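Chains as they are written, first to last, in numbering that gives the first Met the number 0: chain H, 0 to 326; chain L, 0 to 326.
Treat the hints as calculated values from the structure; they're not laboratory data. As the structure is a prediction and not an experimental result, all values here were calculated from the model. Hints are not guaranteed to be accurate.
Where chains are identical, the list cannot tell them apart; a pair therefore holds if satisfied intra-copy or between any two copies.
Claimed, not checked - Cut-off 20 Å, straight-line C-alpha distance, at most; resulting in silico cross-link-like pairs (SDA-like, lysine to any residue): (1) Lys-135 with Pro-211; (2) Lys-135 with Asn-208; (3) Lys-122 with Pro-146; (4) Lys-135 with Gly-70; (5) Lys-51 with Ala-85; (6) Lys-135 with Ala-85; (7) Lys-122 with Asn-208; (8) Lys-166 with Gln-50; (9) Lys-135 with Glu-153; (10) Lys-110 with Phe-276; (11) Lys-258 with Asp-272; (12) Lys-258 with Arg-229; (13) Lys-157 with Ala-274; (14) Lys-122 with Ala-82.
Residue strings, one per chain:
2 protein chains.
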Amino acid sequence: METTLSDSPKTAYGLAIHGGAGAPSHSTAEEKLAYHAKLKESLDAGYDVLQKGGAATDAVIAAVIILEDAGLFDAGKGSDLNAEGACEMDACVMDGRTMSAGSVTGLQHVKNPIVLARAVMDKTQHVMLMGEGAEKFARALGFEMVPNSYFQTERRRKQWQQLRDGKLPPSENPREAPGSEEGFGTVGCVALDAKGNLVAGTSTGGIVNKMPGRVGDSPIIGAGTYANNRTCAVSGTGQGEFFIRGVFAHNVSALMDYKGLALLEAAGQALNDVARFGGRGGCIAIDRHGNVTMPFNTAAMFRAFRMSDGRGAIEAPAIANEIKPSR
Amino acid sequence: METTLSDSPKTAYGLAIHGGAGAPSHSTAEEKLAYHAKLKESLDAGYDVLQKGGAATDAVIAAVIILEDAGLFDAGKGSDLNAEGACEMDACVMDGRTMSAGSVTGLQHVKNPIVLARAVMDKTQHVMLMGEGAEKFARALGFEMVPNSYFQTERRRKQWQQLRDGKLPPSENPREAPGSEEGFGTVGCVALDAKGNLVAGTSTGGIVNKMPGRVGDSPIIGAGTYANNRTCAVSGTGQGEFFIRGVFAHNVSALMDYKGLALLEAAGQALNDVARFGGRGGCIAIDRHGNVTMPFNTAAMFRAFRMSDGRGAIEAPAIANEIKPSR
């Protein structure tokens, strides 16, 4: 397990993002550069909001939209295909100041699931909407709706077909070789704004060849996404079922709140708790002091962070030798 | 807030059930007796399993099925109607020994949602299935499917229609008078078997006139349902959105695990945390020593428990003067 701890003065603001724990095993050199560039674009978009004095919620949404639109990650365009060959997407956002949250699951036509999650938080009395009901709500709000084929990239469809045909080499089959973890690629963002507010957001297409209707950890408050100004904001990625059973993201917060652990230790212990019953993955987390940790127990993780005091890094694991900490 | 604490020798086994926090405001005397009788029937069915040395999971399922079939509670037959006049049901079960869980949301045709939740736990690699995907899985397993009208009782439809027409007196409108809480009625069961295993299960039709696709706390691991042999089993009921945001059930466990609180204090504090941002409801919880607590902060709560050392009570709030502790 690798962790990153950063101490900071209390005035720091900033954000962290992830593009999933795992690593694509067949990236071309061009793809590798594309991953790095998209992480930077997402990070900059979120940071720009914060730098202008904007709210953490706006920063998280801005950062995640770019990852959803990229076609590179398992979220929005580029989502994994389910057992029926369709993309079904989940997303969630939680505001650590108000402890309000919005979550959507089972979307097939909403171009940017994270934006709909925010609308559930801002415009309804509910926290979570699923499937057709969620999409009806999106249509009523005039959201951009797209055919499911929009989300299905050639690479994901090919990988899905090979898995279905039993032709995917075991080393690349996420079911048989967790180290390959081709299927991971959930995206997320956690941010601390200049007012000291913490927000977490996560968006995903779930796992390849999942049963139709499968809900992962990303849209579950306390599992894949959680924020609480008293403690931290967390966005997880990995084998969702284990993160749900471990109530992962809330566990990080509870370990800080009730045991007095620092962010680094809390995230590490919560990840170990999930690993104890076999779960693999990682998370990004930020606390109200601007400390950041991004641990994972998989082969690698797409991750990046940027803080107002100059700390920062972008890590696209396929180009690990090109890691460029900003200082 | 009212709480019930029971100390017990470590050898005790038993269970607690609830039929929701809130109270029907227009029950006839016959209805009141019917509620009491159903709670007893459910309690006895679960207890019978445990007494024969059966597993807590089997006890929970046996108890909840009876409440789902009763036509009296907001779960299975008798579920509240959503904004489109349909019943959409959620259910969840979690095993505290293996920390495995099964959850379903947005069901419209599965007669016993709790049984499907268990099938998700036992027969899939997933934890949670939603909507059409969940029902396809049920059909593939040969589950009993019923038309949605099966779930819609005359009383619930009338209440829904009055709410829609603006004819429900404010005192009986759950949106305007939280004290009336006609809309509550989620059911659940927590059990400790003779082997020391803890299991929690919850089933619900959600809240009246909810948006289609709304997911409440009941099917969310850590919110409305949680079990962990190290700490406790919890099933919540009430204004689900608040219980999700408070990650209620896992919070009870975390307060025991990390702060060393006893079950009574942990459940009380977690309920207070939810109440702090306006949430009303209650829960049943049991720990590995056989302690039971059933706090609520609403007008009343249908609740009952029975332990092998003779402790027990059945409380149907409309007949509060007939509370009959078994000793």
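Here's how the hints hold up against the structure:
{"no.": "1", "hint": "Lys-135 with Pro-211", "result": "both (19 Å within a copy, 8 Å between copies)"}
{"no.": "2", "hint": "Lys-135 with Asn-208", "result": "between (25 Å within a copy, 16 Å between copies)"}
{"no.": "3", "hint": "Lys-122 with Pro-146", "result": "neither (25 Å within a copy, 32 Å between copies)"}
{"no.": "4", "hint": "Lys-135 with Gly-70", "result": "neither (25 Å within a copy, 30 Å between copies)"}
{"no.": "5", "hint": "Lys-51 with Ala-85", "result": "neither (39 Å within a copy, 46 Å between copies)"}
{"no.": "6", "hint": "Lys-135 with Ala-85", "result": "both (19 Å within a copy, 15 Å between copies)"}
{"no.": "7", "hint": "Lys-122 with Asn-208", "result": "between (33 Å within a copy, 16 Å between copies)"}
{"no.": "8", "hint": "Lys-166 with Gln-50", "result": "neither (48 Å within a copy, 51 Å between copies)"}
{"no.": "9", "hint": "Lys-135 with Glu-153", "result": "neither (28 Å within a copy, 27 Å between copies)"}
{"no.": "10", "hint": "Lys-110 with Phe-276", "result": "neither (35 Å within a copy, 32 Å between copies)"}
{"no.": "11", "hint": "Lys-258 with Asp-272", "result": "both (15 Å within a copy, 17 Å between copies)"}
{"no.": "12", "hint": "Lys-258 with Arg-229", "result": "both (13 Å within a copy, 16 Å between copies)"}
{"no.": "13", "hint": "Lys-157 with Ala-274", "result": "neither (30 Å within a copy, 50 Å between copies)"}
{"no.": "14", "hint": "Lys-122 with Ala-82", "result": "between (33 Å within a copy, 16 Å between copies)"}
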